[in-house]
Amino acid sequence: MGPIFISTGPVYQSVLQQDQSLFQQDQSVLQWDKSVLQQDQSVLQWDQSLFQQDQSVLQWNQSLFQQDQSSVLQQDRSVLQWDQSLFQQDQSVLQWDQSLFQQDQSVLQQDQSLFQQDQSVLQQDQSLFQQDQSVLQWDKSVLQQDQSDQSLFQQDQSVLQQDQSVLQQDRSVLQWDQSLFQQDQSVLQWDQSLFQQDQSVLQQDQSVLQWD
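If you use the working numbering, the sequence shown corresponds to residues 1 to 212, in order.
Since the hints were made in silico from the structure, they are not lab data.
Note that the Cβ used here is the ideal one computed from N, Cα and C, for glycine as well.
One or more of the hints may lead you astray.
[Claimed, not checked] Computed beta-carbon distance windows for the label pairs: (1) L128 x Q154: 26 to 34 Å; (2) V142 x S193: 50 to 58 Å; (3) V57 x S200: 57 to 65 Å; (4) S85 x Q123: 50 to 58 Å; (5) V11 x D47: 49 to 57 Å; (6) F87 x Q178: 47 to 55 Å; (7) Q124 x Q196: 27 to 35 Å.
Please put together the full structure from these sequences, using the hints given.
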């Protein structure tokens, strides 16, 4: 190439000034770009640090999740076993209550049978008492008729005393039968009350078993 001649004319000076101005602007843009690049590097480093922290948190959360899964599973198994144990206990209680209920039914039937027997005995005693009263009245009538004859009167008095003694015995037997009858009534009422309580307990146990 030939030699380069730099002109110092006004046109070339203006071009040179424009070039210098553009060069300065380019330098400013370059410095701004460097500053932005440094900021971007700082942001990138900060993002990398956050990413590493997030990785650590993720690993820690995964470890906790595995531990929680194992712990919750064991707890659920324990709760299930406890529920199964309670269910078996409730079944046993229900069977026991059903057995007691059947026994109470048998006792109630026996008491009802005894009560009916006592009623029959009481009716028989009342009938005998009425018969004895009739005999006593007849004896009194005979005594009145036989008052004229002293011997017959004394005999009749003896018979009358015997009849009165028998009547008193019959009264005692009747009172004793009435007392037994009242006792049997009390026992029957008590058995009926127990029977109703057992029915209530049985219904409650069946409800609990269905709920379990």
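Hint check:
For L128 paired with Q154, a C-beta distance near 27 Å keeps the hint of 26 to 34 Å intact. Distance hint check: the CB atoms of V142 and S193 are about 53 Å apart, consistent with the given range 50 to 58 Å. For V57 and S200, the hinted distance range of 57 to 65 Å is satisfied, since their beta carbons lie about 59 Å from each other. Distance hint check for S85 and Q123: the Cβ-Cβ separation is about 57 Å, which falls inside the suggested range of 50 to 58 Å.
The hinted window of 49 to 57 Å between V11 and D47 holds, with their beta carbons roughly 52 Å apart. Checked against the given bound of 47 to 55 Å, the beta carbons of F87 and Q178, roughly 52 Å apart, stay inside it. For the pair Q124 and Q196, the beta carbons lie near 32 Å from each other, so the given range of 27 to 35 Å is met.
Hint compliance for this structure: every hint is met.
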